[in-house]
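Once you have looked at the hints, place chain B on chain A.
Here is what each chain is made of, one letter per residue.
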Amino acid sequence: MRNRMIVVEGSYAVAHAVKVCRPNVISAYPITPQTHIVENLSQFVADGEIDCESMNVESEFSAISALIGASAAGARTYSSTTSQGLALMHEALFNASGMRLPIIMTVVNRALSAPINIWNDQQDSIAQRDTGWIQLYAEDVQESADMIPQLYKIAEDSEVLLPAMACMDGFILSHVYEPVILLEQSLTDEFLPSYSPEFVLDPKNPMSFGAFADPSTYTEFRYKQEKAMGEALERIEEVANEFMEKYGRYYGGLIDGYALDDAEIVIMAMGSVIGTVKDTIDMLRSEGETVGLLKVRSFRPFPAEAIRKALRNAKVVITLDKNISIGKNEGALCTEVKACLYNAGVRTPVIGFMLGHGGRDIPVSTIMKIVNKAKLVEKGIFIESEFADLREDLV
Amino acid sequence: MKEIRIHGRGGQGSVTAAELLAVAAFEDGKYSQAFPAFGVERRGAPVTAFVRLSDKPIRLRSQIYEPDYVIVQDATLVDVVDVEKGAKCDGIILINTEKNPSSFKFDTKASIKTLDATKLAMDFIGKPIVNTTLIGAFAGVSGLIRPESIINAVMERFPGPIGEKNAKAIQAAYDLMETQR
Numbered sequence: 000m001r002n003r004m005i006v007v008e009g010s011y012a013v014a015h016a017v018k019v020c021r022p023n024v025i026s027a028y029p030i031t032p033q034t035h036i037v038e039n040l041s042q043f044v045a046d047g048e049i050d051c052e053s054m055n056v057e058s059e060f061s062a063i064s065a066l067i068g069a070s071a072a073g074a075r076t077y078s079s080t081t082s083q084g085l086a087l088m089h090e091a092l093f094n095a096s097g098m099r100l101p102i103i104m105t106v107v108n109r110a111l112s113a114p115i116n117i118w119n120d121q122q123d124s125i126a127q128r129d130t131g132w133i134q135l136y137a138e139d140v141q142e143s144a145d146m147i148p149q150l151y152k153i154a155e156d157s158e159v160l161l162p163a164m165a166c167m168d169g170f171i172l173s174h175v176y177e178p179v180i181l182l183e184q185s186l187t188d189e190f191l192p193s194y195s196p197e198f199v200l201d202p203k204n205p206m207s208f209g210a211f212a213d214p215s216t217y218t219e220f221r222y223k224q225e226k227a228m229g230e231a232l233e234r235i236e237e238v239a240n241e242f243m244e245k246y247g248r249y250y251g252g253l254i255d256g257y258a259l260d261d262a263e264i265v266i267m268a269m270g271s272v273i274g275t276v277k278d279t280i281d282m283l284r285s286e287g288e289t290v291g292l293l294k295v296r297s298f299r300p301f302p303a304e305a306i307r308k309a310l311r312n313a314k315v316v317i318t319l320d321k322n323i324s325i326g327k328n329e330g331a332l333c334t335e336v337k338a339c340l341y342n343a344g345v346r347t348p349v350i351g352f353m354l355g356h357g358g359r360d361i362p363v364s365t366i367m368k369i370v371n372k373a374k375l376v377e378k379g380i381f382i383e384s385e386f387a388d389l390r391e392d393l394v
Numbered sequence: 000m001k002e003i004r005i006h007g008r009g010g011q012g013s014v015t016a017a018e019l020l021a022v023a024a025f026e027d028g029k030y031s032q033a034f035p036a037f038g039v040e041r042r043g044a045p046v047t048a049f050v051r052l053s054d055k056p057i058r059l060r061s062q063i064y065e066p067d068y069v070i071v072q073d074a075t076l077v078d079v080v081d082v083e084k085g086a087k088c089d090g091i092i093l094i095n096t097e098k099n100p101s102s103f104k105f106d107t108k109a110s111i112k113t114l115d116a117t118k119l120a121m122d123f124i125g126k127p128i129v130n131t132t133l134i135g136a137f138a139g140v141s142g143l144i145r146p147e148s149i150i151n152a153v154m155e156r157f158p159g160p161i162g163e164k165n166a167k168a169i170q171a172a173y174d175l176m177e178t179q180r
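Order-wise, the sequence lines are chains A and B. Okay, so the first sequence: first residue is 0 according to numbering that gives the first Met the number 0, each after it adds one. Okay, so the second sequence: first residue is 0 according to numbering that gives the first Met the number 0, each after it adds one.
Next up, chain A with everything else stripped away, as it sits in the complex (with noise of 0.2 Å):
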């Protein structure tokens, strides 16, 4: 495997996946925030190696316009964004879900302001929790490229027909240079069918897309749009086997593993942070601890089932969430993984910490003190939830 590896930055090995992905139209907005995704994308444009229209256009809220009218006419469609552009994107994203859409985006999360913040967390895709969209969160550079073929394949199945958010902290992952392979033409044009949609629009054949549904029929679309979010559910682990079979790689489907198997603390995570944490792990259990990892790859649709088979035989369980809903003093992860425990009679705690906002870094230092008081519940001292690294003296 390693002699078909190059070091490139993860923007990059991105934006070489959407290539082999064949989209017909990419539309985005060059402005900070941005990342070198589109950058080079425009480039692959503008020097012929992909047959694609590239829209610049004024802001985020036309970009997504835009590929909602693309995808409906039947386009493979593509765009990337970031924190308040995604923020503005809000509105057109529920268009898009809701007319069935199987755009796919690349969000390069990044902190939300006030105060101005460029740096990473998850505020900006967690925000969009409720939009009907697919999102995966990927740990790596290899992850964030081979998510887009993957995302394609599930979104654009006839079952599905959901548009898709790819999930990569910005920075940590969109600006590391590290070694991957760079997803080969031949493998992604037999492992990814073309589109063709049943339904587009086509002025030979009018039809409405996203039209008018009164009170008789507007919860059916909503109930259509959760049995489809179901059917993901069951792709997202089919897709992630066949691109096994065909690549070589695989990182989990709805979830993965990391020492789970006899872990009695189970630290849960989304994102970059799993690397850092897996060492962690590696660490702790070369201690004697029995710490072990789920990672979430799936936030929505949210795979209750298979973490409440997961968590089976932990004793804690600890949820890290680079966000955080105000108000609540917890992050979604913890929320979630709360609420699909209950009504299942599990009752093992479930301890939330909120970390690394606004781009503060996560050391192994940081995992290591969480596990320490997520271990303080065997003695009875409970914390519900709590911010890691939270810096007193400015409080």
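Careful, some of the hints might be misleading.
As the list claims (entries may be wrong) - Here are some, though not all, of the chain A residues that point toward chain B, as calculated from beta-carbon distances under 10 Å:
1) Arg1
2) Phe170
3) Thr275
Claimed, not checked - Straight-line C-alpha distance at most 25 Å; calculated DMTMM-like pairs for lysine to aspartate or glutamate:
4) A/Lys314 with A/Glu383
5) B/Lys108 with B/Asp78
6) A/Lys277 with B/Glu65
7) A/Lys277 with B/Asp67
8) A/Lys368 with A/Asp260
9) A/Lys374 with A/Glu391
10) B/Lys55 with B/Glu65
11) B/Lys84 with B/Asp115
12) B/Lys84 with A/Asp360
13) B/Lys84 with A/Asp388
14) B/Lys87 with A/Asp278
15) B/Lys84 with A/Glu391
16) B/Lys87 with A/Asp360
17) B/Lys1 with A/Asp278
18) B/Lys55 with A/Asp260
19) B/Lys104 with B/Glu83
20) A/Lys374 with A/Glu385
21) A/Lys245 with A/Glu183
22) B/Lys55 with A/Glu286
23) B/Lys1 with A/Asp281
24) A/Lys223 with A/Glu304
25) B/Lys87 with A/Glu286
26) B/Lys55 with A/Asp281
27) B/Lys55 with A/Glu288
28) A/Lys223 with A/Glu233
29) A/Lys368 with B/Glu65
30) A/Lys368 with A/Glu288
31) A/Lys337 with A/Glu233
32) B/Lys1 with A/Asp360
33) B/Lys55 with A/Asp360
34) B/Lys55 with A/Asp278
Since the hints were derived computationally from the structure, they do not count as laboratory data. Cβ atoms here follow ideal geometry from the backbone N, Cα and C, with glycine treated the same way.
Here is chain B on its own, set in the frame of chain A:
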């Protein structure tokens, strides 16, 4: 695993130096990771970049707090940035300066190595851009990367006469610092 921290000023190519080290080390058979200390980039302002080299794939994503090596592109940074911070006792701090190592008053137990990379860069490249010269010096003083791998990485990134001039500066810096290993 070996960890490297590079200090420079915006515009001096610290991030490029980190990237080139990662490319060269990978070609040399190591796994590598390079990333900037993400800041708001301004020309002339202090910037930091990080590199990890390992025999195994690298999973750790945090910044580097206890570097084995520190590379300082501009000696004036010593007055404004704590370049010795966290440096390992058996580590090396490599500074671009015409001064001797003894002229730096550090608390660190890490050894200080100096070279006049600016002069080498002026001699061979004709410009005071020292990033490639310094990574050549790093390869020399550390013995972690072969000079040919550094030169290949630089030539690939800057093909033609510019790359060739850089290659000469890299080899000269390597030869000079190899004796100080």
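So, against the hints stated earlier in the document, which numbers end up violated here?
none
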